[in-house]
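Asker: Read off the chains here:
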Amino acid sequence: MVVQLNNVSKRYGRRWALVQLTFAIPEKSSVLLTGGNGAGKTTLLRMLATSLKSTRGEVRIFDKLSGVDNDLIRPRLALVTHDSHLYDDLSAEENLSLVGHFLPWVDMRRMGDILERVGLAPRRASAVRGFSAGMRRRLCMGRMLLVEPELVLLDEPFGQLDPPGVALVEEIIREVQQKQVTLVMSTHDVERGEALCDHHLHLKSGRVLRAVEPLGEPGEATRIAQELEARGGWH
Amino acid sequence: MTSSFAERRPASLVAGVRAVINKDLLLEWRSRARVNATIFFAFLTLLLFLFAVGPDTHIMAQSAAGYLWLAVLLSSVLSLGESFRMEAENAALEGLRLLPVDPKAMFLGKAIANTLFLFLLAVILVPVTVAMCGVEVQGSLMHGVAILFLGAAAISAPGTLYAAIASQVRARDVLLPLLLFPVLIPAIIGAVKATKLLFAGDPMGDLGRWTALLIFFNATYWLLCLLLFGRVVEE
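Top to bottom, those sequences are chains A and B. This note's numbering puts the first residue of the first sequence at 1, with every later residue one more than the last. This note's numbering puts the first residue of the second sequence at 1001, with every later residue one more than the last.
If we strip away everything but chain B, and leave its shape as in the complex, we get (with noise of 0.2 Å):
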């Protein structure tokens, strides 16, 4: 035996944490054809509410970063759908609960690895937007990248947790979106208010409350759902 049984700790919150964030990445990496329709699929989406606004690029550049944040929103539910999948796909999760795998490290690797993807996504997307709608960014780089963090953050914790749940039922497609975008209304407006700010410019110095405001319902997000987790993944 290479242990007494007394002396078997599951690995540490962190470590916990860090292997998650490894599989979810491998996993992405190895099936880079689902990730490649993902940010077709947003590129799409973008595409279409342009065509849809029609020619006039004032009223394209006034709504750019609703038009970036749907597109980012919609993909989600593709990306966190999937996220789940792979772990639904020969009880997967199962496996990692009877290792056993802290439910917190489960969640905050997946939710981590999920921020990350559409935070890329977020990235990609925002020069294309930028390109089309005719937007001259306003606002500094370090503004643009902790919006586009906070509001993939902002998304990520309730898709995760939202996803476990979908992922145990049938019509898992369908019940995600409808369980996760009423709860997104208030983050997604946060999101977009201080991404348009940045596009159009900050001339009455409101960058900094919307910004606090997706860190409120950020850290909201995260505490319930990383409570809620456990119930969720346990039967």
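Next up, chain A with everything else stripped away, as it sits in the complex (with noise of 0.2 Å):
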């Protein structure tokens, strides 16, 4: 397994943003994650990315304790969040090279061929500052795509981007799960998710209700969120 919760919660001042979940995500698999607004889906992809620990649980990711063992399991992982993670004042090329001078096994050579592909090239030297949302968005998974990371975590990967960024979202991620990569990905588009994912992972309100499941016929996800979000519960 690629991912193993046990019992994990997360509290953020006297809120509960995630709680008692216990789940398993296998070896190059997709999981949707699915859940509406404040379900934890956020803080769940965040606290996979190690960037935040947990109040409770325990969090192994490639058989590494998170908060532990960080070293080991950051370069293995990408993360492309709300937050770009990018320096205004550096150009589109500057921010990918940082990525170089800080991960040395990262072939640089292939930035103006990443450039290129994720639709920034005749910007590449324009700072970032000047960049539309999706243009950043774009810029992250070209990132993503230099690092050739071995699990990918993506949050809402096709919010503020127009129909072509979506279409090129679509084709990075599918080129990346031909890698054999471990993909978790959280989208209100849940039929776009869908197509994309082989499991599913449903929250509300920071509890686990539909547990990194295999998806069966088309629009299995879709019905399942609905049903689920339908039912009520915990508030």
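Simulated from the structure, these hints should not be mistaken for laboratory data. Among these hints, one or two may not hold up.
[What the hints assert, rightly or not] The list that follows gives simulated cross-link-like pairs (lysine to any residue, SDA-like), each with its CA atoms no further than 25 Å apart:
| hint | chain 1 | residue 1 | chain 2 | residue 2 |
| --- | --- | --- | --- | --- |
| 1 | A | Lys-179 | A | Glu-213 |
| 2 | A | Lys-53 | B | Arg-1172 |
| 3 | B | Lys-1104 | A | Gly-100 |
| 4 | A | Lys-64 | B | Glu-1234 |
| 5 | A | Lys-179 | A | Arg-109 |
| 6 | A | Lys-53 | B | Ala-1091 |
| 7 | A | Lys-64 | B | Val-1232 |
| 8 | A | Lys-53 | A | Leu-72 |
| 9 | B | Lys-1104 | B | Ala-1219 |
| 10 | A | Lys-53 | B | Pro-1103 |
| 11 | A | Lys-28 | A | Gly-216 |
| 12 | B | Lys-1104 | A | Ser-97 |
| 13 | A | Lys-28 | A | Gln-178 |
| 14 | A | Lys-179 | B | Val-1232 |
| 15 | B | Lys-1104 | A | His-101 |
| 16 | A | Lys-179 | A | Ala-195 |
| 17 | B | Lys-1104 | A | Asp-83 |
| 18 | A | Lys-179 | A | Glu-191 |
| 19 | A | Lys-64 | A | Asn-6 |
With the hints as a guide, dock the two chains, each given alone in a separate frame, to form the complex.
Answerer: This is the structure:
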């Protein structure tokens, strides 16, 4: 298993964002993470990226304990989230070059091709400050391609993108899947997510309502997510 | 794949420090307007002290070292806060942590970049202070450079640590000086006394003792802050 959570809870102040999560994600699977606003999707993804520590319970990534073996876990994963992790005063090229300075194994000769791939080659020397949200998202996907991770965590990857951008991200996700990478992706666009993923995890108010189960017929995730949300329960 | 996952080791500490320094200096260069504003603020602070004292050249000459270091200290709050505002924007610091960048490399790189900026600021302010206060510099150039560098380094180490803490709270602009100034009192006293001896002469041979005291405070600050920084930047 690439990811194993055992009774994991996360508290912000007095509010519990995640409550007693226990599940495992098999290697090379693609997990669609669904849930309404405030369900805990972003918190969970950031916890899987070792950016957040759990308040209770144990998170294991690549069989290494999160919070203890972060140095061994982090080089093997990439998180693309609402925060772009980019420096606004640096250009697209300089932001990607930073990766090469800190990660010696990254082949920086690929940078030009990647910028071309994500449609930012003409703006490679422009400061990120002038980029639209969609362009920033494209650059983040480019950085993820450059790092070549083993576990990819995507938080709303289709958000703020124009139709060609959505098609590009879909294409990149499929390309990444062909490299036998494990993928966890949260999205409100359940239909699109379902077409890309083979497992489903549904959160509501920080609790798991459906724990990493294989997806069957088309539309199953959409139907189950709607049913689980309509059922009421924890708030 | 460019490398097997087992081979993936982050950059060495030295390479990491160099990359952080280069990044920070490049960002400072790109945001020259902010750098210019900090230098202008330092000039203004110096002028205000001189106006407050009045036209008595004897008092001005006696207190010149104090005015110089107070101007550097007050301006440092702006530059130190700015160095972490850039990291907070788009959660760039989280991005560095997840690459992963060693927190020790992060601290040393940022603190050295801050030291270089504050040293440059002090170097710019010295001739202005000397000219406006009517000081005749008695000490050697090498001693002067050493004192200015040690003073800048003494502000930078705790300044970098506290700027990282303050960047995580809403009242960051208020919190930074509240945390920083009390810790810096002994180092500032040392820097002022040593600079005063450089300006007015050192008939009793006290400069070496004040320099040694500055070196001792620097060693303490840098070591403690290096050890604590990892805890500050991790959640």
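Asker: Work down the list of hints and note, for each, if the structure agrees.
Answerer: Against the structure, the hints come out as follows:
no.: 1; hint: Lys-179/A / Glu-213/A; result: holds, 22 Å
no.: 2; hint: Lys-53/A / Arg-1172/B; result: holds, 23 Å
no.: 3; hint: Lys-1104/B / Gly-100/A; result: holds, 19 Å
no.: 4; hint: Lys-64/A / Glu-1234/B; result: holds, 18 Å
no.: 5; hint: Lys-179/A / Arg-109/A; result: holds, 20 Å
no.: 6; hint: Lys-53/A / Ala-1091/B; result: holds, 17 Å
no.: 7; hint: Lys-64/A / Val-1232/B; result: holds, 23 Å
no.: 8; hint: Lys-53/A / Leu-72/A; result: holds, 16 Å
no.: 9; hint: Lys-1104/B / Ala-1219/B; result: holds, 15 Å
no.: 10; hint: Lys-53/A / Pro-1103/B; result: holds, 17 Å
no.: 11; hint: Lys-28/A / Gly-216/A; result: holds, 17 Å
no.: 12; hint: Lys-1104/B / Ser-97/A; result: holds, 21 Å
no.: 13; hint: Lys-28/A / Gln-178/A; result: holds, 9 Å
no.: 14; hint: Lys-179/A / Val-1232/B; result: violated, 36 Å
no.: 15; hint: Lys-1104/B / His-101/A; result: holds, 16 Å
no.: 16; hint: Lys-179/A / Ala-195/A; result: holds, 18 Å
no.: 17; hint: Lys-1104/B / Asp-83/A; result: holds, 24 Å
no.: 18; hint: Lys-179/A / Glu-191/A; result: holds, 23 Å
no.: 19; hint: Lys-64/A / Asn-6/A; result: holds, 13 Å
When the structure is compared with the earlier hints, a violation turns up for hint 14 alone.
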